[in-house]
Every structure is written in structure tokens, then in C-alpha cells.
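Colleague: Guided by the hints, dock chain B with the ligands onto chain A, whose structure is given.
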Amino acid sequence: MDTEFKPNIVGFLCNWCSYAGADLAGSSKMEIEPSLSVIRVMCSSRINSNLVLSSLLWGADGVLVAGCHPGDCHYERGNYYARRRFALLKKILEVLDLEPDRLQLSWISASEGKRYSEVVNTFAEHISQAGPNSLAHNPKV
Amino acid sequence: MNGQIGVYICECGPNIKDRIDIDKVIEDISSLGDVKTVKRFPLLCSNDGKKFLEEEIKKEDLSHLVVAACSPREHEKTFMDVCEQADFNPYLFQLINIREHCAWMISDKNEATAKAIKYIRAGIRRVALHRPLEKKEIESIPDVLVIGGGVSGLEASLSLAGKDRRVYLVEKTGSLGGMAKKLSQLLPNQGSNLSLIDEKVEQVHNNENILVSTSSTVGDVRGFLGNFEIVIHTDGETSGFRKAQVGAIVVATGFDVFDPEENSQYGYGIDNVFTAQEFEEQIKSGNVLLKSGKPPESVAIIHCVGRKERGYCSKVCCCYSIKFAHYLKDNLSNVNVSELYVDLCLPHKSDQEYFEEAKKKGVHFVRSEEEINVNQKGDQIEVEYHSEGKTDSIVVDMVVLAPAMIPSGDTPELAHLLNIPLDKSGFFKEIHEVLDPISTPIEGIYIAGCATGPKNIPESIVQSQAASGKILSSLIPGEKIVPEVKVSEIREEFCTGCQTCLSVCFYGAIRFDSFKGISVVNEAICRGCGSCVGSCPSGAIRSKHFTYPQLYREILEALR
Ligand SMILES: Cc1cc2nc3c(=O)[nH]c(=O)nc-3n(C[C@H](O)[C@H](O)[C@H](O)COP(=O)(O)OP(=O)(O)OC[C@H]3O[C@@H](n4cnc5c(N)ncnc54)[C@H](O)[C@@H]3O)c2cc1C
Ligand code: SF4
Ligand code: SF4
Ligand code: FES
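Going line by line, the protein sequences match chains A and B. All residue numbers for the first sequence refer to the numbering used here, where the first residue is 1456 and numbers rise by one. All residue numbers for the second sequence refer to the numbering used here, where the first residue is 16 and numbers rise by one.
Source of the hints: derived by calculation from the structure; they are not laboratory data. Even glycine gets a Cβ: it sits at the ideal position worked out from N, Cα and C. Treat the hints with care, as some may be off.
One side of the interface only, derived from the structure: several residues of chain A facing chain B at Cβ under 7 Å [stated by the list, open to error]:
(1) I1487
(2) V1493
(3) I1494
(4) Y1535
(5) Y1536
(6) L1560
(7) S1564
In isolation and in its complexed conformation, chain B is listed as follows:
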């Protein structure tokens, strides 16, 4: 190659100057082939330094640029911007870290100098193999698809919809509101009043930027952040399908409940054994009655139904079970109420007080091991439980079961359609449960509410607001999206179609072209991690900025 490589060494004030013999470095490097010029400068990241570099790039007509200074984690971006300013492709530049990795780590000046020379030589060899990479700008669509019309989906739709942003809200059932709409009342610390939910439903219906499709599901999704193509299927009177383009997707498909029939010990099927949802309906209708038409004189509320089977605590059941007890005590005179729990979960600040109040009203709380047996006993029901090594039982008129929250039925298919993972309980899996609980590995697809696991209404709402915040800040109407430039590409002629790469790419950036029998990287999705490059048995994948030849050059210089 007939390179015109420019090498610029930053003194970084005293940081590099005092600890590395820069003159010696210059002397050593200057004789290398393809090196046009080697110069030192007091502070390259200063405005003077940047101006100097910009002028040098032009004046010296450089083909490639090496800067020996600090960590790329600190100033790579700074110098890449200088390159752009000088109309010089920033990927023809390499930053060599002689500050953190030489000057500051090696106290012997001769050794530090020798090391700096080694790294700079490697940089020169490497940069000679750099090819210009082009930034692409992709049009992005600000509109959003929200799947699921429970409180989570309602909140996301309301936070997102606006003058420049349409929301497609797709709800499987005939109406909006999800589980919250079926509740008899909210917990008192939540204001008890269900009109909050009704108001949200109404606001959604009245918002002209929210296109609601009920009795509908999402049939197809293709694309990537900023450019998803979706198909919405609608059943019933207005059956048909609608195609749309959106930039992001919020999955808010909520939860289902554990079916107590799965385990006969809970006695579901026996007269006067109800699930919590059935009981909510009874409260809502104002008639808590036995089959005989009489009000119950004794009620047992059984917590943790399905907890053992599912392997996790559903978090909200204890609170709403206490809500049931309060209702019974407040509305039926002389009713005897027992709550049987495995562990009491009272995580919110007002829960403890609510629980103490229930005890004051005479509700019995009984800790029981998980082997609860519900059996018919004449007209009544016997609940057998185990406590402190003993078996005991109570006989009641009515039993209410508080079943575990489980992933909503369509979760596996939807996960497959969207190419996002599930956790071991079958809910959608967060990128990180603690640090990034609403993101998925697919950029532009977010998860909120009970779709990721049991939550109460406020927690669900917070997640939807967070997901909306992410979308509002990344999909700005009129702004284009710039995907990662240092991506990977598959060279057709070497690919054997083994599809190993498909299985290692976490982002689903690779698809198999069955007609050609090869795999193809979608550069708009690829993040450039290099997993596929490392795994391809045919060496068919090229990581555009970390190619084998580039890394081999670095290895050879390291071993010199």
C-alpha cells in the first residue's frame, strides 16, 4: 500500500510527556513504511489541538490517521468528530491508548516508552487495513403499536399519542380495561374508586391519535426500530386485517390466572368454592351469596393458590384478599372470616396498616403450609391445613381461592412472533430485571405491566410510563435513526448455510435465505458484538471494524 499515515502523539499536559520519551517514540515510528508524518502536540483534545489535527489531515493529505493519546473510552468520539469536520472518514482513524495503558501503568520510563512504541506500531499496521465505513441514516416512523388494552396498555397509549405520533392499540377481547375493569374496587390506599380506570378507557376512546382495535390480535411483525411493518387481525363484525408501519412496540398483554382445577386439593368445582375473580364479580354486583341464595356466615380465603406449582409469589393476592375480608366484615353482619396464607406479602407502605385493621375487625389470619385440602362436608366446606407440624381444619360456608398470576395465554406465540425471550416462569423476560426492566433484546420492543410478571396497578402504570419515555426519547418525529456502523457482514461465497450464527445472535439480526441457502445479516439490527464472527466455522463473517487481518496485525505487533 502507498499509505499516507499521519501519527499524532499527545503530551496530555505532563501526563504522557513526563512518563514517556516522546522524542524516542517519534524517532522509532518515523522510519516505518507508509508513515507520512509523526508529530507531537501538547493537548490534542483542546480546541487548539482539534484545530491542529483538522488542518493536518487536510494539509498532509492523509490516507489514515493514528492518534496516540488517552483511552478510546474517553476521546475516541472527540477525534472522530474532528475527522468528520475535516471531511475525513472517521473509520480510517485509530486511537492508541498510551496514557492509561502505558504512561500510567508502567513506572519505568524506558519500559513505558517501549510499550508505547509497540502499541503505536500495532495501530499503524492495523489502521492501514481500515476501510471507510459509511454512516447510514434510516427514516423512522414515530407511530407505536401497543399490544394489550389493560391498564398498562391504556397508560402507554395515553403517554405516547400526540399530534405527531399515532398509537395503534390492539386488544384481544371486545373491550378495553383488562383485569382492572373487572375489579369491584381498588385498594383503599389506591383511592378505592374504579372510575380512574373508566376515565382512562374513555380518554383512550376519545383520543383521535389512538386507533383502537378490539377483538383483534397482531398477525405479523417484521422489521426493526423505527421501521416495523405490522398486520392487525380483527374478528367479529368488522373482521378483516389492517397493515400499518410503526417505529416501536409496547407489549402489555398482562396475565391470566392459575386454574385451580389443575390441582384437586383446592376443591374448585365444589359448590360455593369461588376464584378471586368470581368473587370480585359478586362484590361488584352487590350480592355475595351462597348457591342456596343465603349470605355466608363463614368464609375462608385461601392465599397462594398455585404458588407451589408456579414457583413464585404473585405479590398482589395478599392485598386483595385482605380487601375481600374488609368487604365481608363491613357488609355482612357477624360473618366469620379466615385467611389462610403460606407467606404474607405486604410490600407497599400502606399494606401493613390495612392488614392490622383487618385483624382488628376480627379476621383470623392462619399461617399454613402449602398442603391445603378443600373438601365438601355436607352443605359446607372443610378446609384442612397444616400448621406448625399439626393438621387442623375449619368448616366454612364459602371458600375464595386467590390464584397465582400466570403468563397470558398468547405469550409464547407472541414471543415467537416478536423474537423476544421468555423467563423461566413463562413471562416476557426483561433485558435486566434490575437495571433495565422494560427493555427486550430487540431495540424498539418494550414490555410493560403484568406481561413481565405479577404487579399491581401502580407498578404496571410506572412501567408503561417508563417504556413510553424510552420511545419518546428515541423516536423523535422527523429525526432519522443512525444504526451502528461497525456491524458484521456475511460473505456469500464462504457461507455454508450451517446457521450457527443464527443461534448465537442475541438480537435476531441474522436470517436464513433459504433460496440461496446462506445466512444474511440485517445491518440495521446488528450491534456489532462479533459473536457470530467468532462462531462461524467457515470464517464467512466479517466484523467490519474488527476483521481477522486487523486483529492478526495487532497480535503480530504484540509479539514482536
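With the rest of the complex left out, here is chain A:
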């Protein structure tokens, strides 16, 4: 295994829970793996196949979608839609011959700084092990 491999992970976090959880991880000075880049959206329901597949096709080695726990979405039902789309996306990834576990969905609340650090660090470790995403090609911006 290439020990030099540094993955690039995209993390879509909902504003109300998971982003706040990430803030808490930061203000508690928890050490977080820098390979994940955070993109803030208002709700996990904004995330769909366009955004996830673009990320992977453009070279992301992993994609994390994180939202409020079921029942706690700031917009009531958004994370249920995210969950359904996620199930479908997993199937699409199989068809594309990409390991489905390059995509992860997690529920992280605003008070779960520790959980944020665990989710991100474990996912980053997993992606490091999995190695580079074979589909990747990085278009010039």
C-alpha cells in the first residue's frame, strides 16, 4: 500500500447540526484529519447525485454527507430524503464500478463534536486504506 497517498475527501455538512458539530469539534481542539474539506449546505436534502457523482468523477476519493439525526432535521424531513437518495446512490456507485463505501452518510448533531471527529477520522482512515479513486480525472478549472 502506498503510504504517501493522501486522499481528498469532500464533506457536505448541513448547517444546523453537522456543521455545528464540526465547529464544536474545532472549539474543543479535537484533532481532525485534514484530508476532508467541508462544504456547508443548509440541509442534507440539498445533496443529490449530481453533487456526489461530480465529486467522485472529479477525483474525490471519498464523499461524506452528514445531517441531523432522523427526526431532528431543521426542515423536518430533509434528512429522510437524503437517506433515500443515498440508498439509490450506493446502487449507482456499484454500476460505476466504484466501491460503494467511498460514500458515507452520517448523522451528527450540533452537540456531537466528538462524534464528528470519530466519523471523519475513521472515514479518512478507511479511504486511505482503500487507495485512490480509480475513476478520477481532474478537469482544469
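Modeller: Okay, now just chain B with the ligands, sitting in the frame of chain A:
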């Protein structure tokens, strides 16, 4: 684009300065196209910092602004206010979180610096695609529609009506008061005295700011917080309809009771088997009598009628059943009273004592499984019950059934009219049963009292006061309403009219224009969650501040 982007990096005291090599960040960022200036400042959120930013925006004639500092959850609003102060559209600004998400999370200074550069580059790329968004102010009407004239509706009307606020109180039946008005007395811990309810009815009638419509229903409701258009239909002598505009709505349509005829085991229909309401009427008239005209010598009160069928406990029946027992013991000499319950629910602080007192007066409390059978036995009634695995029975002169509280009959239609959801028992559904028990997904529409489930009078009143508080604080006479700015819009040319978006919008902000065959977002209702954007198969919906191009830019920078 010929941008004039200004990038300002906050040292945040030592918080960012010590953990990120700001000079390196500046060096790296300065060479990016469209970046006009990159500067650092010790504490941007301080008064000096805000003044500095305001002057910079003007002096540098910026087209867009990026601030790299702390979390948007902490100071986005602060810097947006600075933008407004500088006559600069606050949506042309982006705050990059290099404190929580870099300085505080990554202990290696080089790594933290590299990460900060990555985020700031993403911010610069993103902000270049921001368009100015305009805040809208909408006139709002302080008046309120209250549907249902039971204690809940009365309380809401009295709390809300005032010099600057009219209340339209719509009651389906011919008179106000709801169930409370039909009771023989209140529980002793509630003061027993029913004049409390009569007083409220009178106060409502005497209040010139409350327009009461009895024998009336709500025919149509359109609009949103601050601007609902309603139509009230009135039957009977003064039949006709009245149109009005209100800013908010309180739904207080109360409950109905389970019909014991639905299940023959309760024996409703047999002589001398009464419902609790019928029994309340008898107490009220002062004549608790059998069909034969004689007073009963033995009475069985059956709790939990319909509990199994409905799947929930109605909370108030145990207490009023004990009230009946007290009445019987106090008013009929030598009467034998039995209470058959499945579970006793005595939730309030004085209930236990009230129950113990009833036992002292000789009332028999019998726990029974739900299979109670009420059958005629000669002139009398046999009540068969199951207790601890055995079948037993008692024979009595009179049976009183305490039926479950169920959603009031019009609930489904009203839910449809108002576009608010029902729970699995068929009552109106709270946004959150614990955290926000009087709000609905539609801003400006509140639910109170038994309309959301079984409650006693004090609980109903508390809910109405809470709903009134929400309305009083959000619909201030003379003040305009500023709806969410970062909403979604549907681009006509791409919409195929599939209506997927209608089904995902929790707030009912999207309607279908059947003439054009497309869907349309009502921006005054939209909260900007982006569910519809994510679900539209044609990519026709644009989330104004989280567009695809903006997010794609962020993704590309993340992957650089
Ligand atoms: C037998 C019995 C005894 C009780 N005893 C007690 C007691 O001693 N103490 C106590 O605290 N609680 C008692 N309760 C509970 C008490 O009755 C309720 O808590 C209270 O009535 C709830 O008030 P409400 O306004 O929410 O509902 P309701 O009293 O049901 O009032 C709702 C009103 O809305 C009207 N309405 C319904 N649909 C529409 C529509 N579509 N448009 C316009 N108007 C409509 C109805 O006609 C009614 O007037 C008892 C209940 C029962 C059944
Ligand atoms: S989901 Fe998209 S295409 Fe379908 S109706 Fe809504 S906007 Fe139009
Ligand atoms: S962004 Fe959310 S609230 Fe607005 S129309 Fe779409 S689904 Fe409804
Ligand atoms: S707001 Fe967090 S998932 Fe919807």
C-alpha cells in the same frame, strides 16, 4: 469576470495568528485572478475591525468580499451587517471558517495553513458567482383567525384581541364554550365552579375586538404568515359569507368522543347505559335517574372505552370518572359505585388525593383487561370483566361509559384546507411534540388544545396562551415581515411539470400552475432548505445562495 474581490484575514487574537501562517496565506492568495486586495487584521469583529472593513469595502470599491475568520454560525450576521452599513449587498460576501475548521482542528501549522488556503480559494471562487439578493419587506396584518370556540379558542381570542389587533372567532355550533360548557362541574382542584367558563364566554362576547361568528366554518384559506385571505361561511339566520385578511391562524377545533356503538361489547343502546357526556347532562339537570324514574342503587363506570380501538390513553377520563363517583356517593344515599379501568391515569398533582378520597367513600376500583362485556340482565345490566386471568362480573342498575377523545370530525378537511399534517391518531400534528408542541410546518398557523390530542382544560389554556405569545411576538402591528432571502426558484424553461418538488416541500411553498404546466415557488413561504433543488430531475430549481455552479466551485477547490 473582472472582479474586485477583497479578502480579509482575521488574526482572531492569537487564535488564528499563532496556528496559521497568515503571511503565507496572503502570498498564495494574492496572485489569484480577480483578487484586488488581501489584508490581515487583528480582530475583525471588534468595533475597530468592523470600521476597518466598512472603509475597505468603500475605498477598494470591492465587487465581492471574502472574510477568513471564524464560523459563519458565530459572525456571519456581524459581517453582513457591516456590508449593509457600507451599502454593499451582504450576499456578495462569503465568510470562510479558518478558525474552528483549520486553526483549532489541525495542530500541524503547515497543514493548517494549507487547509486555510484551500478554503479561502474555494471561497474566492464561490463568491465570484454570488449575485446580489434583495431583502423583501412584506406588509403584515396583525389580525388573527381563531377556529373553534371551546376553552382553547376562547383563551386564544382573549389573549390576542386588543386595540391594534382584531380576532375573528369562528365556531361551528350555535354557541361558544365547547365541551367545557356542557360539563356539570369542574374537578375540585380546578375550583369546581363552571362560572369560570361562562365568564370567558361573556368576556369574548363583550370584547369589541373579537368578531364572533357562530354556526360558521372556514371556507377558504390562502396565503402565508402575515397575509392570509380567509372566507368565513355562516349558516342559519345570518347565512352568508365574509371575507377577511389575517396574519395568523389558531386552530382550536377540539375533539369529539369515541362512539361506543362502534363496538357492541360496551352495550351502548341497552337501557340505562349512558356515555359520560350524557351523564354530565344528567348531573347538570340534577336528576340522575334510571329509565324507570328511580335513582340507581348501583352504578358501574367503565374507563378506557375505545382506548384499545384508538391506540392511546385519553388522559382526562379517569379524573372525570372519579368526579362522577364522588357525585354519586355525595348525592345518592347507599349507592354502590364501581370503577372498571384498564390503567389508572392520575397525572396531576391533586389527582392521587382525589382518588384516595373516592376509595374512602367506598368506591370500588377494579382493574380489568380490555375485554369488558356489557349485557342486559333482566331490568339490570351485567358487566363482565377479566381480571388476573379470571372472568368475573357485576350486576348494576346503571352503566356510564367514559369514551376516548378522538379528533373532531372536520379535522381531515381542515388539515387539507390549511395544508398542515395529522399524526397517526388523526389529530393535528405538532412540529415537535416536545420542543414545539403548538407550531405547524406552516409559519403563522398554530394548533392549541384538544385539536392536537387529549388534554384537560388547564393544559388546553396553556397551549392557547403559548400560541398567542408566538403570534404577539411575531406579528407586531405596524412592523413588516422579512421573509428568508436565500430561497429557491424554479426556472420555467427547464421545468417539465413532474411535480416531484411539490411532494418534497414540507412547507407547501410550491404550487403547480396548471395553465403553464409548471411548478412555481412562493418565495414568501420558502425557507430555502434545498430539498426541492436536490429532488428536481430536470435541474430546474435554483437555490439562490447554494446554486450548482457555486457548490461545484467549492468541490473543485476541495479536490485541487
Ligand atoms: C365527559 C368529559 C368530562 C370532562 N371533564 C373535565 C374536567 O372536569 N376538567 C377538565 O379540565 N377537563 C375536562 N374534560 C376535558 C375538557 O372538556 C377539554 O379539555 C376541553 O373541552 C378542551 O377544550 P378545546 O377548546 O380544546 O376543545 P372543545 O371543547 O372540543 O372545543 C372545540 C370547539 O371547536 C368547535 N369546532 C370544531 N370543529 C370546528 C370547525 N371546523 N370550525 C369551527 N369550529 C369548530 C367545536 O364546536 C367546539 O366548540 C372533560 C371531557 C369530557 C369528554
Ligand atoms: S421537480 Fe422540477 S421539473 Fe418537476 S415540477 Fe418541480 S421544478 Fe418542475
Ligand atoms: S427550498 Fe425547501 S422550502 Fe423552499 S420550495 Fe424548496 S423544498 Fe420548499
Ligand atoms: S437541516 Fe440538518 S439534515 Fe436537514
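Colleague: Take the hints in turn and mark each one as holding or not.
Modeller: Quick rundown of the hints versus the structure:
1. Because the closest C-beta pair between A:I1487 and chain B is about 4 Å apart, less than 7 Å, the hint holds.
2. Evaluation of the A:V1493 hint against chain B yields a held restraint, the C-beta minimum of about 6 Å falling below 7 Å.
3. Residue-level restraint check for A:I1494 holds (minimum Cβ-Cβ distance to chain B is 5 Å; threshold 7 Å).
4. Annotation: interface hint on A:Y1535 violated; nearest CB of chain B at approximately 10 Å, more than 7 Å.
5. Checking A:Y1536 against chain B: minimum C-beta separation of about 6 Å stays under 7 Å; hint holds.
6. Nearest Cβ of chain B to the Cβ of A:L1560: about 13 Å, over the 7 Å cut. The hint is violated.
7. For A:S1564, the shortest C-beta to C-beta distance to chain B is roughly 13 Å, which exceeds 7 Å, and the interface hint is violated.
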